[in-house]
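Chemist: Keeping their order, the protein sequence lines are chains X and Z. Under our numbering, read the first sequence as residues 1 to 289, first letter to last. Under our numbering, read the second sequence as residues 1 to 248, first letter to last.
Hints were generated in silico from the structure; no laboratory data involved. Please read these numbers as outputs of a predicted model, since none were measured by experiment. Note that the Cβ used here is the ideal one computed from N, Cα and C, for glycine as well. Some clues are possibly wrong.
So the derived label-pair ranges between C-beta atoms look like this [as the list claims (entries may be wrong)]:
1) G101/Z <-> W28/X: 39 to 47 angstroms
2) G238/Z <-> L114/X: 55 to 63 angstroms
3) S66/Z <-> R190/X: 19 to 27 angstroms
4) K123/X <-> G58/Z: 24 to 32 angstroms
5) E113/Z <-> Q195/X: 19 to 27 angstroms
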Amino acid sequence: MTTTRPTELPAAPPDATPDAAPEERAPWWRTTVARTVPIVLAVLGIAAIWYLLSYVVLPPSQRFLLPPPHQAFGVALSNPNISVPMFEALWRSILVAIIGLAIATVVGIGWATLMAQWSWAEKILYPYAVILQTIPILALVPLIGIWMGYSFAARVAVCVLIAVFPMISNTFFGLQSASQAAHDLMTLNRATRFQRLRKLEFPAAVPAIFTGLRTAAGLAVIGAIVGDFFFQQGAPGIGSLLRVYTQRLSMEPLLTAVALTALFGVVFFTAFAALDRAVVGRWYGRTAR
Amino acid sequence: MTAPTTTATLVLDGVGKRFATGTVALTDVSLRLNPGDFVSVVGPSGCGKSTLLRLASGLETATSGSVTVTATATSYVFQDPTLLEWRSAARNVELVQELRGVSRADRRARAQEMLDLVGLTGFERQHPRALSGGMRMRVSIARALVAEPDLALFDEPFGALDEITRLQMQTELQKLFVLKQFAGLFITHSVSEAVYLSNRVLVMSGRPGRVVADIAVPWDYPRDPTLRYDPEFATLTGRVSQALGEHS
Numbered sequence: 001m002t003t004t005r006p007t008e009l010p011a012a013p014p015d016a017t018p019d020a021a022p023e024e025r026a027p028w029w030r031t032t033v034a035r036t037v038p039i040v041l042a043v044l045g046i047a048a049i050w051y052l053l054s055y056v057v058l059p060p061s062q063r064f065l066l067p068p069p070h071q072a073f074g075v076a077l078s079n080p081n082i083s084v085p086m087f088e089a090l091w092r093s094i095l096v097a098i099i100g101l102a103i104a105t106v107v108g109i110g111w112a113t114l115m116a117q118w119s120w121a122e123k124i125l126y127p128y129a130v131i132l133q134t135i136p137i138l139a140l141v142p143l144i145g146i147w148m149g150y151s152f153a154a155r156v157a158v159c160v161l162i163a164v165f166p167m168i169s170n171t172f173f174g175l176q177s178a179s180q181a182a183h184d185l186m187t188l189n190r191a192t193r194f195q196r197l198r199k200l201e202f203p204a205a206v207p208a209i210f211t212g213l214r215t216a217a218g219l220a221v222i223g224a225i226v227g228d229f230f231f232q233q234g235a236p237g238i239g240s241l242l243r244v245y246t247q248r249l250s251m252e253p254l255l256t257a258v259a260l261t262a263l264f265g266v267v268f269f270t271a272f273a274a275l276d277r278a279v280v281g282r283w284y285g286r287t288a289r
Numbered sequence: 001m002t003a004p005t006t007t008a009t010l011v012l013d014g015v016g017k018r019f020a021t022g023t024v025a026l027t028d029v030s031l032r033l034n035p036g037d038f039v040s041v042v043g044p045s046g047c048g049k050s051t052l053l054r055l056a057s058g059l060e061t062a063t064s065g066s067v068t069v070t071a072t073a074t075s076y077v078f079q080d081p082t083l084l085e086w087r088s089a090a091r092n093v094e095l096v097q098e099l100r101g102v103s104r105a106d107r108r109a110r111a112q113e114m115l116d117l118v119g120l121t122g123f124e125r126q127h128p129r130a131l132s133g134g135m136r137m138r139v140s141i142a143r144a145l146v147a148e149p150d151l152a153l154f155d156e157p158f159g160a161l162d163e164i165t166r167l168q169m170q171t172e173l174q175k176l177f178v179l180k181q182f183a184g185l186f187i188t189h190s191v192s193e194a195v196y197l198s199n200r201v202l203v204m205s206g207r208p209g210r211v212v213a214d215i216a217v218p219w220d221y222p223r224d225p226t227l228r229y230d231p232e233f234a235t236l237t238g239r240v241s242q243a244l245g246e247h248s
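The shape of chain X in the complex, shown without the other chains (with noise of 0.2 angstroms):
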């Protein structure tokens, strides 16, 4: 009898098993348990408030206003024809708010930019973004729909405008934190205006974008959903079931609607967050290359 067999086993490749961590930082699962530990904590507290309130503070005659947890989210999600379109929402939502922010971090890194390099763009500029952020979204937002429509353009349109300025604003002061003297080492060195952005000032910006865009993605989430509470022509966002159930009364998929809401809002901003501390963090050196 033959077999064939191989004489060794297929070396596994070099980046299967990850590198020795560095002795002074702690595994990477104490870490993670360490960070969620408080917030599973966190939400078992307001689930405990929840039932609080809906069995001990209201009367069985108003519990339909606050139905329990299970009962909120049993209802809503085990039903399919509730909980398919809540979900298909919500991803159009979270589309709207990726792109918005993709936007406005592209506009608000070219407006800052501008500013940054030319004393007169500043001038014509900067009272913009200062209107963007004062006017209230609300005033601007029946303008938006009668130009742009009442459906997804114009709710990517509510959410530049609240998530721009935040990039505005920090890429802007990040182009100009770079220090007199690397200023004069530029000088010196007869570094071309171009040179000086793209070596030292864009550089020197890039933790404070980062900040930003931490900001900023937080923004969109709420843009996303106004613009969807708003704009309810085409396919409805989360926003717009929320304004629907309200309307209803339907206590159990709004309850859903809203926590589903809620965790989008952390899940997008933690994201944003843990990016700029691994970026920010490799961008000094804390990391070895």
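With the hints as your guide, set chain Z onto chain X.
Modeler: Leaving out everything else, chain Z in the frame of chain X:
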């Protein structure tokens, strides 16, 4: 002392500087830096020492008098190491040649050479945050020397360092001076540092600053660090201090 191999000179003739704010930083400053000179400038704080250096480097222009530099390459060492925090030590040194379009391989090799020269072999890939104050200043000096300057300007580079590191850096800077033969103009507020490093010490008066004494330092390079304990060294620092005291 061996004859200098470079021909760089710096001549300031009756230079004055008045800022737009109306502050008069310098009045009628004349000085001459000959090839192979290492000249220190001491003076009370606020007397325009740094302005003098900024004029010599071309970062500022004089409001009166003339500044004439004949050098093929001038380098400038700042008070603060002024390293780009997001670049490793080697990439900080590379910056100067990067701006001039030198190829990556060439500038890498050159940066390595300079870092070896200032005693930072093995620290090439460290970011400034991971380096001590003295090491950061070494990177800064390596960066200044990367373009083979024949005129080097120093703006109180060791002012923020602790005494031990400072003495060590003085010794090493002198080695570099002997090796590279650049003409040096060195701003400091330390009289012993000025005397130890230079062949001439210029004393400036308080604001508005002008040169009130030009004191020659006789010892040949390289100088032994123990020269600092020599009675003659003490006499000379005493003369400089006296000139400072009379005009501040």
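Chemist: Give a verdict on every hint.
Modeler: Do the hints match the structure? See the list:
| no. | hint | result |
| --- | --- | --- |
| 1 | G101/Z <-> W28/X: 39 to 47 angstroms | holds, 43 angstroms |
| 2 | G238/Z <-> L114/X: 55 to 63 angstroms | holds, 59 angstroms |
| 3 | S66/Z <-> R190/X: 19 to 27 angstroms | holds, 22 angstroms |
| 4 | K123/X <-> G58/Z: 24 to 32 angstroms | holds, 29 angstroms |
| 5 | E113/Z <-> Q195/X: 19 to 27 angstroms | holds, 24 angstroms |
Hint check: no violations occur; every hint is consistent with the structure.
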